[in-house]
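2 protein chains.
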Amino acid sequence: MSGELQKLKEHLGKVNDLGKAAAVLDWDLQTYMPAGGADTRSRQLGTLSEMSHELFTADEVGQWLEALAPREAELDYDSDDASLIRVTRRDYEKQRRVPARLVGEIKRAASLGQKAWEQARGESDFSIHRPHLEKLVALRVQWALCFDYEESIYDPMLDDFEPGLTTATVRSVFDAFRPRLVELVSAIAERQERVDASCLKGEFDLEAQKTLGLEALKVMGFDFERGRQDVSAHPFSTSFSSSDVRITTNYHADDFAQAFFGTVHEGGHALYELGVDPALDGSLLGEGTSTTVHESQSRLFENIVGRSRPFWQFFYPQLQTAFPQFKQVELETFYRAINQVGPSLIRIYADEVTYGLHIILRFELEQALVTGELEVADLPAAWNAKMEEYLGLTPPSDAQGVLQDVHWSNAYIGYFPDYLLGSMLSVQLFEKAQEEMPDLTSQIESGRLESLLEWLGTEIHTHGRKFTLDELTDRVLGESLSPEPYLRYLQERYGEIYGL
Amino acid sequence: MSGELQKLKEHLGKVNDLGKAAAVLDWDLQTYMPAGGADTRSRQLGTLSEMSHELFTADEVGQWLEALAPREAELDYDSDDASLIRVTRRDYEKQRRVPARLVGEIKRAASLGQKAWEQARGESDFSIHRPHLEKLVALRVQWALCFDYEESIYDPMLDDFEPGLTTATVRSVFDAFRPRLVELVSAIAERQERVDASCLKGEFDLEAQKTLGLEALKVMGFDFERGRQDVSAHPFSTSFSSSDVRITTNYHADDFAQAFFGTVHEGGHALYELGVDPALDGSLLGEGTSTTVHESQSRLFENIVGRSRPFWQFFYPQLQTAFPQFKQVELETFYRAINQVGPSLIRIYADEVTYGLHIILRFELEQALVTGELEVADLPAAWNAKMEEYLGLTPPSDAQGVLQDVHWSNAYIGYFPDYLLGSMLSVQLFEKAQEEMPDLTSQIESGRLESLLEWLGTEIHTHGRKFTLDELTDRVLGESLSPEPYLRYLQERYGEIYGL
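Chains as they are written, first to last, in my numbering: chain A, 1 to 500; chain B, 1 to 500.
Just to be clear, a hint being listed does not mean it is correct.
The list treats identical chains as one, so a pair stands whether inside a single copy or across any two.
[To be verified] With a cut-off of at most 30 Å between alpha-carbon atoms, the simulated DSSO-like pairs for lysine-lysine come out as follows:
#: 1; residue 1: LYS135; residue 2: LYS7
#: 2; residue 1: LYS386; residue 2: LYS218
#: 3; residue 1: LYS94; residue 2: LYS386
#: 4; residue 1: LYS7; residue 2: LYS210
#: 5; residue 1: LYS135; residue 2: LYS9
#: 6; residue 1: LYS218; residue 2: LYS201
#: 7; residue 1: LYS386; residue 2: LYS135
#: 8; residue 1: LYS210; residue 2: LYS9
#: 9; residue 1: LYS218; residue 2: LYS432
#: 10; residue 1: LYS135; residue 2: LYS432
#: 11; residue 1: LYS386; residue 2: LYS201
#: 12; residue 1: LYS218; residue 2: LYS135
#: 13; residue 1: LYS9; residue 2: LYS432
#: 14; residue 1: LYS7; residue 2: LYS432
#: 15; residue 1: LYS432; residue 2: LYS94
#: 16; residue 1: LYS135; residue 2: LYS327
#: 17; residue 1: LYS218; residue 2: LYS9
#: 18; residue 1: LYS386; residue 2: LYS210
#: 19; residue 1: LYS432; residue 2: LYS201
#: 20; residue 1: LYS210; residue 2: LYS94
#: 21; residue 1: LYS432; residue 2: LYS327
#: 22; residue 1: LYS7; residue 2: LYS327
Derived from the structure by calculation, the hints contain no laboratory data.
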């Protein structure tokens, strides 16, 4: 190996160690940290981020990259080394634009914002969250101003989670998608009587919920020697290496479905991280490539598999054992209940059809926040107005409205659109998998998800960050990300249920 | 504030943040980390330690310290600033001798050693632990060779945990102490019939144990807004700041006393860290000053208070509620049972009288290991021989013998003597507190530990690392650490119980 490449790898190893250490501190912050720890944790996270950024953007990294350019040109594009040089260069050029001080400041503010959000949501009091969010929006704007952008200051924020994604692209996809989605929602709204979801109401023992979630993760192929599940206010997944991946959930005694599908969703994220080639661990490549691709994995397991007839054909008896009240409920009734479509308040528990509207609402609001069209102070009212407009509901409290998601308090502005894009991608991927494995449905019916996981592993997971979203779709699908298959899938699945 | 002092403080803040981040990763390693995380965690911890060391030993720190010397001379010795400069200089001069690479290597080996030890103890298989321990002993020796020492390579290891402590001092204290301890143990051995501990046998619900431990922590004044308790293979306490202090325990269904007194012991450590002046947070001074002083706090609560008649006069009803079988047991019978003296296998559950022999055994063995008189391969046999010699017992398994303690697998060689020195100090401190608060006993009898905690807080806790052990004993006691009060205390408490 050339001297520069060896030096670069060692250097990136340290950058990665600092980043993963910060991820552990973040995980602890959201799972076990006592309230008193908030201030010092914020400082610790700020320092780790700042030092990791300083280390990564050091001049010698640029010199190594320059020295490695001829070698990169000789290497196979797909090779680990070429990919490492390419992705490092892309990251380096971006990160060099941002001062380390600002990176630290954002991390400190986000860390405090997380705890303030937990409290604000707990007390349904937006005023606790407001000063933090004001600061975070201002910092995020300051961060975006470090970049050249063509159309909108929102562009660099999108690019931060999905490299290359622009406001114009998202808008054009969403603009084409929205009217057809609204049409489907309306058609279903007129046929509400076709689905009776009353079987999902009741009391659900928390221990039984926990066990059932772990059983589902086992069926999915989650390896508990290399991961675990804990509890947090907002479910999330995080990875400290491809051998230590953590997910969280949140149980509700009156609704098992929230924790269950949340677990399957986070499990999908975790399978991606667990499937990254261990040879990429400790480099910049050892994690999922982007938010859209990540959400495609979580949404695929949560919805396409997790809410499907074949999955429940296999798994329903386990549910009936966990909650004996379902012994009186037909599988078909249950299947329809978990796929009931209707306006609801909480995004992460929304049905697949109305889900897109929750995302479009956030896409519009966060753009308005960062362009200055909307003040943070006016956000709750704007949220409620859009909820009324898109879903015909007014949140009874901010906890069930503007305070429901953790993202903004983590400075994750520009993330939400990727949920919907990821959902679109998930359908394209699943259809491709079905094409290549004609017996996939019958495998799922008998509880065998190994082939699906292996296929996703080979096509997506193992590559880590070696390829971009576009490169992956080219390689795997031979086409770009598109909303059409997703719309068709929604129309078919829910058309069948609602007799459209 | 002078420019140099400001710069030094900011710099130390970062050093501290990295160190505390490593402490969080260590805590996770011992509490929640899945087995698969061991390798990358070891690398992450190595990098954090190495970077923290590099940062701390940077040339500019030496330059700032030099520039600050005149100012230090002007400052009140007791002031925060003078103390910070003084302690930083002492640490700096020590740490400069050690290469960062070695610090990282030790941390990586210790991190892997921790997980190997857990497995080795679980399977009672020393061979799993052996290669790790061999490496750790070699690394610890390599580390000690960085220092000048007069008598023994063991000296720098003692100094690492208790600054200034030497092998000669420990030996002279232990040599004087041991024959008198052996005499007491023998006298008690002839009067075994005086104590019936059969009431401690039985089945103890784990949830009830947990609740009882938390109640005891509450009585002690542990603040759950600034700390928490989890489970680990070996109980420990750790601090991420004076507002986030974690302790762990380990429950046994057939013996509530192990988790209970372990909880009170770790609680004593935690109170020390929780009591450090928050103004010292984020500097080198924001934690307990040394291992001996730390153990004085934990052993004071565990034994002097936690196994005393006054404490149980108040707390026994809570125990009886947790475990109704004690409703048939007289308080006096219970008091004698928890103070039963007799040879036992496990140090952390040993009675106060024989405890010293467990420490002396380790003091002798670890010296032999680092001077090369004893090979790691021969350690289990040497352990068993000494157990037979000092306590008349042969461990039935290595899990109950040489594998019982985590310390060596963490490279903590030179730590054990401080447990006994700390126990000695705990008696001196408690007697001083009694002198200054004549109604202390009656306060404890009514469950009020606030005054004791406040006294310890003012005299010891609040100062963090501002003063050394010797400085503290001078200030608080007007005398040095001494084994005499401890011996007298043991003779009185156990003489009374055993009618000597």
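Hint check results:
no. : hint               : in the structure
1   : LYS135 with LYS7   : between (38 Å within a copy, 27 Å between copies)
2   : LYS386 with LYS218 : neither (39 Å within a copy, 48 Å between copies)
3   : LYS94 with LYS386  : neither (34 Å within a copy, 63 Å between copies)
4   : LYS7 with LYS210   : neither (46 Å within a copy, 50 Å between copies)
5   : LYS135 with LYS9   : between (36 Å within a copy, 26 Å between copies)
6   : LYS218 with LYS201 : within (26 Å within a copy, 39 Å between copies)
7   : LYS386 with LYS135 : within (24 Å within a copy, 63 Å between copies)
8   : LYS210 with LYS9   : neither (41 Å within a copy, 46 Å between copies)
9   : LYS218 with LYS432 : within (24 Å within a copy, 59 Å between copies)
10  : LYS135 with LYS432 : neither (44 Å within a copy, 51 Å between copies)
11  : LYS386 with LYS201 : within (28 Å within a copy, 65 Å between copies)
12  : LYS218 with LYS135 : neither (42 Å within a copy, 37 Å between copies)
13  : LYS9 with LYS432   : neither (35 Å within a copy, 58 Å between copies)
14  : LYS7 with LYS432   : neither (40 Å within a copy, 59 Å between copies)
15  : LYS432 with LYS94  : neither (34 Å within a copy, 62 Å between copies)
16  : LYS135 with LYS327 : neither (52 Å within a copy, 58 Å between copies)
17  : LYS218 with LYS9   : neither (35 Å within a copy, 49 Å between copies)
18  : LYS386 with LYS210 : neither (35 Å within a copy, 48 Å between copies)
19  : LYS432 with LYS201 : neither (36 Å within a copy, 63 Å between copies)
20  : LYS210 with LYS94  : neither (42 Å within a copy, 50 Å between copies)
21  : LYS432 with LYS327 : neither (36 Å within a copy, 69 Å between copies)
22  : LYS7 with LYS327   : neither (62 Å within a copy, 69 Å between copies)
Hint check: violations occur at hints 2, 3, 4, 8, 10, 12, 13, 14, 15, 16, 17, 18, 19, 20, 21, 22; the rest are consistent with the structure.
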